[in-house]
Structures are given as C-alpha cells and as structure tokens.
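Q: Each protein sequence line maps, in turn, to chains A and B. If you read the first sequence in the numbering used here, its first letter stands for residue 7, the second for the next number, and so on. If you read the second sequence in the numbering used here, its first letter stands for residue 7, the second for the next number, and so on.
The hints are simulated quantities; they were obtained by calculation from the structure and are not laboratory data. Be careful, since some hints might not be right.
To be verified - Here's a subset of chain A near chain B, in silico, CB distances under 7 Å, partners left out:
#1 M7
#2 E11
#3 G21
#4 R214
#5 Q240
#6 W251
#7 L297
#8 T301
#9 Y302
Beta carbons: idealized from backbone N, C-alpha and C, even for Gly.
There are 2 protein chains.
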Amino acid sequence: MLNFEYYNPTKIQFGKEVCTRLGRTIQSMGCHKVILIGGGGSAKKNGAYEQVVTSLQNSKIEWIESWGVQANPEIEKVREMITLAKDFNADAVLALGGGSVIDSAKSVAAGVFVQDVWKLFLDLNPIEDALPIFTVLTISGTCSEMNSSAVVTNAETRQKWHIKGPALFPKVSFIDPIFQASLPWRQTVYGALDAMSHITEFYFVDERAETTLSINESLCNTIIKMVDRLKNDQEDYYSRASLAWASTLAFNGTSGAGLGAGDFALHGIEHAVSAVQPDVPHGAGMGVLFLAWATYCMDANPRLFDRWAKQIWGEDDARSGIEAMRARIRSWGSAVTLRELGVQEADIDEVAQIAASAKREGFVKRILLPDIQAILKMAL
Amino acid sequence: MLNFEYYNPTKIQFGKEVCTRLGRTIQSMGCHKVILIGGGGSAKKNGAYEQVVTSLQNSKIEWIESWGVQANPEIEKVREMITLAKDFNADAVLALGGGSVIDSAKSVAAGVFVQDVWKLFLDLNPIEDALPIFTVLTISGTCSEMNSSAVVTNAETRQKWHIKGPALFPKVSFIDPIFQASLPWRQTVYGALDAMSHITEFYFVDERAETTLSINESLCNTIIKMVDRLKNDQEDYYSRASLAWASTLAFNGTSGAGLGAGDFALHGIEHAVSAVQPDVPHGAGMGVLFLAWATYCMDANPRLFDRWAKQIWGEDDARSGIEAMRARIRSWGSAVTLRELGVQEADIDEVAQIAASAKREGFVKRILLPDIQAILKMAL
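Based on the provided sequences and hints, a complete structural model is requested.
A: Following this line, the structure appears as structure tokens:
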C-alpha cells in the first residue's frame, strides 16, 4: 500500500429527478449565464434536456447551446465552443451527456482563460483556472463526472492527450439513472467495460493495499451482476442505479487509493487502436485488449492475478479467470477479438508504433514495442 | 437505492511520514497561527507530536497548545479552548489525536464565531462558519477526520449532542498508520468495532443499494481480517494502513450512499449506556449492543440479515452470523455482554429511559421504550 493523496470535492446529486434542482444549484453558486454542451442529441429523447431546460428557466439562468460533440472529442470542436462561450460571456459550463461531452466541457471551461487551449494539453501543468463546471450524466463509464481530467483528440497531429487539475473537478454532477434506461444495449456494455478497465488499471499494482483491492473486487462484481440483470431488463431502475454509481466510484480516486499511479499501458494501446480505427468504441477496445494483456502479464504477479480470478470470476487460476471474462463479454454481445472491431493483422505494426510512441510503459510488467506487438497479436 | 447527495471535500494525505508536509499545507492555505489541540499525551510518545512541531517550525507557523481532551469530550473543555484560540488570534485549528480530539477541534473552530458554542448544538443549524480545520489522526475509528460532524457532551445537562455542516469538513487530514502501531490493543479493537458499527448502521436499510452494500461488505471483511492480523503483529504496517483507510471509508459518506439516513437507534442506546457508565468505551459498547439489536431485529428483514451473515461471516443464516461475530469479538478480547462493561440489571431502566428520550426510533425496526428494554436485557 503506497502513500496516497485522496481529494475529490465534486458534489454528486444522485437519483430520480435530481435535475429539477439544477437551476437552483447553479444559481446558488453565483452563476447566471451558462453554455450548455451536448452530444448527438439523445438527451432530447430521454427526457434529460427537457428537465434541464425547465430547471434553468425556473431559476432564470440564461444559456446558449452547442451540440454535436462526438465520441473521441476533437479540439477543433472545443475551440469553436470556446469562442461561443466567450461571445456569450458565459460564467459556467454545463455538460449534458457522457464522457466525451464532459471532457469537451472541461476543456472549454479551462480554454476560455488562455490563448490556445491545445497548449494546455501540451504543457500538462495542473489546471488551476476554469469556469465552474456542472454536469448532467446520461452515459456512465468514464467517470469524467467525478474526476479532474479530460481527454481530447487533435485530429491534425493525431494526438489523443489529456489535461488535469483541481479546477476541472465538476462543482456538482447530477446522475439520474433513468436517462440511461433508453441507451442502446451496446453502449451500456461499453460503459461497463470502460469502468471495469479503470478498476483493473489499478488492481494489479500492489497486493498490500487490501482495503482498495477488496473495494475494487466489490465494484467489479457489482458491475458484472448489474449488466447481467440489465440484459434481461434494460429499464430496471435499481440495476441502472447501481451500475451508474459503481462506474463513478471506479475512477474517482476510490479505486486507486494506495495503488500509486496505476498501470495505463493498455490505455495507450487502446488509444492507438482508435487512432487507426476511429470507430472502435473505447470500452469495447479495452475489453478485448485486457484479455490479451492479462494473459501476457499474469506471470508477473501470479498471486494477484489468481486472486482476481477467484474473487471476480470464481475461478482457481488466472487463465480460467480470463476465459470466464471472455465468455461473459461474449454473452453481452461485445467483441473479444480485434478483428471483430475491424482491426486487421496488417494494422498491427502501425498501431504498435503509435502506442509505443506514447511511452506508457506500464508498471505490472514493462511494456515496450515488442510487448505491444505480442499483445496485439494475441488480441487479433 | 434511495436518492442521495455525496459531498466530501476533505483532502487526505495518507501514508508514511505524510506529516512532514503539514506546515507547508497549512501555510499554502494562508494560515499562520494555529491552536493545536491534543488528548492525553500519547502523541508525544508515538512520534506524531515531534513530526508535527518540526513541520510547523519549518514553515514558520506559530502555535499554542491545549491538551487534555478526554474520551466523550466535554463542552466545558471546548469553551476553555475557544477562549485560548481567541486570545491567540488563531486562524486555524489543528487536531492531533483521535475522534474526541477532532470533535473538540471542530467545535472550537465553529465556536470562535459565536457567543455560546453550546447553542450550536441546541439549534442544529448547518455550520457554515468555522476556522479551517486540519487533523493528524492517531486513532482510527470515528472517521471524524473525513466527515462534517462532531459529538460533544454537556456534563451539566447530561446531553451528548452533535453539530454538523460543510464548514466542519477538515481541509486536510493526515493519516500516518505508523502512529497507531503503539496503541494499546484494546483501543485498536474499539476503533474497529466503532467503524464496523458505522457500516451496519447503514447496511440493513435497503437491499436495493447493491453497490453500497457490496462495498460495505468489503469494508467489514477488511476490518475483520486486519484486526485478526494485528492480533498476531500489532506493528504490521500494511494491516494498520488497511484498517485505518477502511475505518475512514466506513463513515465518510461512501458507506451510506443510497441508504438514506441510516438507522442510528443503537447509537442512541449506546450513548445512554455511556451516560450511566461513562467509562464504557464507545466501540466496545456498540459491539455488545449490536449483537442484541441484530438478534432483536433480524426478522424485520430476514433476507438482508441472512446476506450479512453469509457475506461477512460465511454463515447461512442471521443467527449463526451473530454467533460468529460474538465469537470473533471475544477472540479479540473485547466484551460481548453489558455486565462485562460494568452495567448491571439495576441500571437498565435508567439507561432505557435516557435512550428513549433521545427519540432515535430506528428505521430497520421501530425501537421504542419497551424495545430498548428488551435489547438491553438481551445484551446483559
């Protein structure tokens, strides 16, 4: 168990119809002019937009809207929204969507204070200045609603980089699980796989952090159980709610306490996959790659991989645990090979080169270019 | 799973020698004159005081000291310390100790802003104004280091009441498990039983809050496992560290998310016991009383009590789970009956009357005067 700092000042309002308090909350923090940032428009179908707008009106909050943030959000779109926010004199940013929307909103919130927002991503200094950020979550998975980082892609330079800092913690995030009842099934699964990947990125680092390991096992087991239940009834409120809250806890600091900086080698590989095949959903990619990474790394810490297999999958050894996970992902209808995601053998070298250039060399086992190639081949 | 708000802005610095950063931290928050509040003086033996004072000196923080806070801290002592703090023009409060010391420090931090500090306890309005609070934890159990409430006793009126509010969250709490290696064994056990009681005060409220129930099972299991390990080696750092962190998570909001306001009927009974027998350690009292309360209440929600027995104690039904817990507490050398704590049959009526007057009627099962009497008799 390594020394750690835990700090997370985001307030969560969780449950049915919590968004009716949104306007009052924004007002109570002294904000009056908001830029509302949205994605493809599903928030207009699931009831979220209506509740949000009514609440803003009731509290006499002025707002403008900017829609169209896509998965793997791009810096060009962020720049466009920063101009809008400045012209409107926005004094707060409101994200209405999932991780991509929230990450874009965070970038806008910080970007209004600087000349060139991408420079923040290049410099990687902690972000200390940003407009107050509020979020209404409509897809669980990334935990951007309760952490202080944001990932954005620069399409021109093919860099998918991040910013981080205390000013990027949302002031208040509203999580109403009902909005997620109408999600396409695959998005529920991708969100769950993303959350599970956040947990495993810390889990294998140190077996002495008993409290956090045990919590991480709980979170993983809860996520799996809830996805199984939702497969039978996607509108089951309590399963949605438990899945949403477990996904938030999976990357808000709780899952990493005492486990250092985690091991994000696999994240680097997945980002490289999506650089070459932009349509690969992040969660699906993480699921596929984890199976290969775990097979490749399990000998580096057999006791901990065996523990994972036993506590999460009820299996006696790591290899059986990995097979159980593969079967479960398949039962959820998600990919277990890169080929299913449209990645071919011919792509591997390019993906590996991009991944290696990110220099996320891992912690559980050191992962360099030949290792990345081996993992990608296993995942094919 | 009920709607909930989660908010906890306390920063935790956890691990070996984290207190060397104390002075710098206080300074970075613009504070320069600190009242240091301590207990019986064990902090001078376990190394905490020395580290704290060196760090304050290095950062040129001025301080005065006030020692002698006891278990079940009293408002008279708090008043005395408020006068000291005002005379010194303290701009921050530093608690060096366990729950009683931290609760006293919180009361001082709020008390300097009002005419009569006890009025805050009578009014129960959320505390919005207080000096910045810093804590150096030397006994885990109460979680006062990471929550926004404080319990203090008015000996004159025999009221053991609390205050609560956002200004009472410590700004930063420093948890170095090494300071706890020299605790008397019984205090380790009492702290663990206190932490376990915080978890069970939420656990039985709602079986639909799967994420939180599962985390609470993890926390309980971790606490039990760590106490077992410490019984063999009280200086084992990683067991101390895991126990300390699990105890903090047991009452910082995590264990109650989605479980409403919990069920604090038993807390009311324990406070009444300690009103009649002030020497009863809170954790020991909670352990004894829980065994009786669970036996009395298990039929109110058999499925959840059976789940608790299975997940925590590996037993098939609630009754066997309770017996397993009784055996475990005994194996740790702590009391399993009120008589062992010095409470006699003749005391029961008085204790029951005091407990009933607190009007904490419970949630899992409604607990009125006859129920309190029955529980106390079972616990004898």
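Q: Given a cut of 7 Å on the nearest C-beta pair, is the interface hint for A/L297 held or broken against chain B?
A: 24 Å, violated
Q: Mind checking the CB of A/T301 against every CB in chain B and telling me if the closest is under 7 Å?
A: For A/T301, the interface hint is violated, since the closest Cβ of chain B sits about 27 Å away, which is over 7 Å.
Q: Was the hint right that A/Y302 lines chain B, CB cutoff 7 Å?
A: Result: violated, 28 Å to nearest chain B Cβ.
Q: Verify the interface restraint on A/Q240: the C-beta must sit less than 7 Å from at least one C-beta of chain B.
A: 17 Å, violated
Q: Would the stated hint for A/M7 survive a check requiring a Cβ distance to chain B of less than 7 Å?
A: Hint holds; A/M7 Cβ to chain B Cβ min 5 Å, cut 7 Å.
Q: Take the shortest C-beta to C-beta distance between A/E11 and chain B; is it under 7 Å?
A: 6 Å, holds
Q: Do the numbers back the hint for A/G21, that is, is its least Cβ distance to chain B under 7 Å?
A: 3 Å, holds
Q: Using 7 Å as the Cβ threshold, decide whether A/R214 counts as touching chain B.
A: 4 Å, holds
Q: Taking the least C-beta to C-beta distance, is A/W251 closer than 7 Å to chain B?
A: 5 Å, holds
In this structure, the hints that do not hold are numbers 5, 7, 8 and 9, in rising order.
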